[in-house]
Amino acid sequence: MFKAKRLVLAHFWVAFIAFFAAILLGEWQMFLRSPLSEWINNPEHYYRSVTAHGTVMAYVLPTLVAMGFGYALAELTLKRPLHGMRWAWAGFWLVIAGTVLAALTMGLGKASVLYTFYPPMIASPMYYIGVVLVVAGSWIWVALMSINLHRWKKDNPGATVPLAMYGNVAGAYLWAWTSIGAASELLLLVLPASLGLTDTINAGLARVLFSWTLHAIVYFWLVPAYIAFYTLVPRAIGGRLYSDMMGRVAFALFLVFSMPIGIHHLFADPQVGAGFKFVHAAMTAMVSVPTLLTVFTIVASVEIAGRLRGGQGLFGWIGALPWQEPMMLAVTFSFIMLGFGGAGGLVNMSYQLNETIHNTQWVTGHFHLIFAGAIVIMYFMVAYELWPQLTGCAPLRAGLQRLQLWLWFAGMMVLTMPWHLVGLLGAPRRMAYYDYSHPDLHPQAWTVTMSTAGGLLLVLSAALFIYILASARRQDTAAVPAFTFSRSAHHEARPPAALNGLGLWVGMMIALTVVNYGYPIAQLALTPQASVPVIPIGGR
Amino acid sequence: MDRVGKLSCIALVGLTAVSFVVGFALLPSAQADFSAQGFWSAICRAAGLPSRWAEGDGPATARVATRVVLDPRMARMDAPAAIGRGATLALNCTMCHGALGMSRSDAPNLAGQYPEVVMKQLLDYRDGKRSSAIMEELARRLGDRDIADLSAYYASLPKARTAPTTYDETLPALVRVGAPMRNIAPCIACHGGVDQKLGAPWLEGMPKAYLIQQLQAFRSGARANDAHQLMRNMARPMTDREISEVADFYARKAPSALSGHNGPH
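Protein sequence lines, in the order shown, are assigned to chains A and B. Residues in the first sequence are numbered from 573 upward in steps of one, following the numbering used here. Residues in the second sequence are numbered from 81 upward in steps of one, following the numbering used here.
Among the hints, a few may not be true.
[Unchecked claim] Covered stretches of chain A (chain B as the covering partner; in silico rule of three or more C-beta atoms under 8 Å from a C-beta of chain B): (1) 854 to 860; (2) 1092 to 1100.
[Stated by the list, open to error] Calculated from the model, a selection of chain B residues having no Cβ within reach of chain A, i.e. all distances over 12 Å: (3) G118; (4) P160; (5) A228; (6) Q296.
[What the hints assert, rightly or not] Derived coverage of chain B by chain A (criterion: at least 3 residues anywhere in the stretch with Cβ under 8 Å from a Cβ of chain A; other residues may be distant): (7) 167 to 174; (8) 196 to 210.
Everything labelled a hint here was simulated from the structure, so no lab data went into it. Heads up, the beta-carbon is just placed ideally off N, CA and C, and yes, glycines get one too.
Just need the whole structure built from these sequences, with the hints factored in.
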């Protein structure tokens, strides 16, 4: 790498320290709700903690990881220094300022509205301004990724954009467009109410605008993990990427289909018409296409590695895989969690099936498996892979990494499987306590204890992760080998022009958003008497 | 645009068209209540257009709990002049509500009560939404300005002194954590302690008899001026014993208040 080492390190350290603090809050929440603890006397403390956990895990951690990884990729793939270093630092400090502002407001109990905001509940304006600053900082990153790619393309006319950079910039464009929903909700509806300029809020419209962001944000979190699948996994386990083109197709399809589908979060909302709910459900089903393409391609790439190592027969290659490689474990765990989480997600996105689990603990189980499981485990690998480049350390200890990954996988499964079960039985989410003395609930009490134990494993794993990074020994920088990405099995093949650029897909993303969101937003904005009085939280 | 691009665009347009046809035409036509008023009406309903589809049974004929819309502006403190005017008007109230808003009978204390609370209850009495032979008659003679002034005056008085609480396990369960399986929210989620919601009164130090009477009235539906049945839904599942426990907690007096000092300090 050239100039961006300190920049990337700064992003990663802040992200991971915030992550560790938030995971402690998560385990505390789990413990409080379990039969191991008395009921919490002040449920507001619980919701304060949930707000902080969600805000850090949903906004701060993935944004900083995507930004840091993006800057690293810009230098490593384009093989030239990052352009716009000062702007990048400005973006970083904006994110930090926003995080600190939001954290202080949450800590004071002035913002216990959960990270999904839920108007007409209204928190202190400082909280929303903090979130807006985090997003604004990330917009600088979006611009820099775009500018760096364009300058490179100009200097290398006709060259194929490296797959990792292609995915990186696709993720940046996805984020730019999807964050507009929540940003306009905050700036047009929530902040005016929070600042006292209005006493009512169009809660239905606010929810629709948030749904614009709420689903695609998951794919923004997911893109760094997918980049790791395609461009790091095959190289790390000694295989070949089965198809570079398939990676491009997956990123392009995510751009098009992850955006205009958020109304599947509003299946129970009466202000949205059933027709739009169906259209969004149908398009949500389309997102499984790039996911399944990726699973196929990566499994094929792994098979290549197994066969290169002498694996024979239908399943013999599996035993021949380098299971001592942390990356091999990570991608396996990630796919298992993606499989369970994805299957649960198919239930969530089906208009009718969703009725059985809507707003239950099932949903919490689903998104923890997908994000905290399948995605975050790849964030760990990204950090492990980049650490020698960033700090000049020797390769990190594989044994500790394997232990950390095992703990994370086991912890996440033990945490989330009971959630799915009680969700099916009807346990609502976002509850500060449950009455286990009630005969209907008593038989489910053990599941909450089990989830608490799973959470403890996750805390141990996160602590080990921080320890591995912090204890990396420094060594002579010259000794660190140059960073490489996966080689494609057919690396001479050139992608078609449409898959070497993002213009077409961004255009389709915007067009589809207008078609799928235009009418519901316009109709709700123009409906008279659609506003309700705000409910200030922590105001008195 | 190359071949891949063109094919992708055609595929996307096709997919979108098919999902719209299914979502807006095919599925609604399979639902009797969607398609009852014709094809176009079914499409409008699928799009989420607000429509009247249950003529005569709409909210217009439903019982209205209260005409007061709680507005955060009602909670703002008025100018000192309003407090002065309110103090004069309040001379009318001292017989039951005490000289400084501290009742010596079983009428509620008004000292330190949130302004929007006094305002809403007086407006409800005036509209006949809350019934009391005395209060309805008195409120009918008050103008909007008078009601705002009285609210400002009572909000400016010091609150009743009650025994301090730590919000720990010694509190009655309903006050502290509610009863989740019976859908009873904790009292302190709205009435101070965890949060103080707009329109929820300050209860600490209220006469026990008044608290019991009001909870029983909410439970039986005799009192019904709570929007969205907020309090009726809480009170309906409560037992007599629970009502008594909760009232005991809120009516508890500070030790000094018990030994003869009734007024605020």
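Results of checking the hints against the structure:
Note: the stretch 854 to 860 of chain A has 3 residues with beta-carbon separation from chain B under 8 Å; the three-residue rule is met and the coverage holds. Interface restraint, the stretch 1092 to 1100 of chain A with chain B: holds (3 residues with C-beta to C-beta distance below 8 Å; minimum three). At roughly 16 Å from the closest C-beta of chain A, the C-beta of G118 (chain B) stays outside 12 Å, upholding its exclusion from the interface. No beta-carbon of chain A is positioned within 12 Å of the beta-carbon of P160 (chain B); the least distance is around 22 Å.
The beta carbon of A228 (chain B) sits about 16 Å from the closest Cβ of chain A, which is more than 12 Å, so the claim that it is off the interface holds. Residue placement check: Q296 (chain B) keeps its beta carbon more than 12 Å from all beta carbons of chain A (closest about 25 Å). Check result for the stretch 167 to 174 of chain B against chain A: violated, 0 residues qualifying (beta carbon to beta carbon below 8 Å, three or more required). Residue count for the stretch 196 to 210 of chain B with a Cβ under 8 Å from a Cβ of chain A: 0. That is fewer than the three needed, and the coverage hint is violated.
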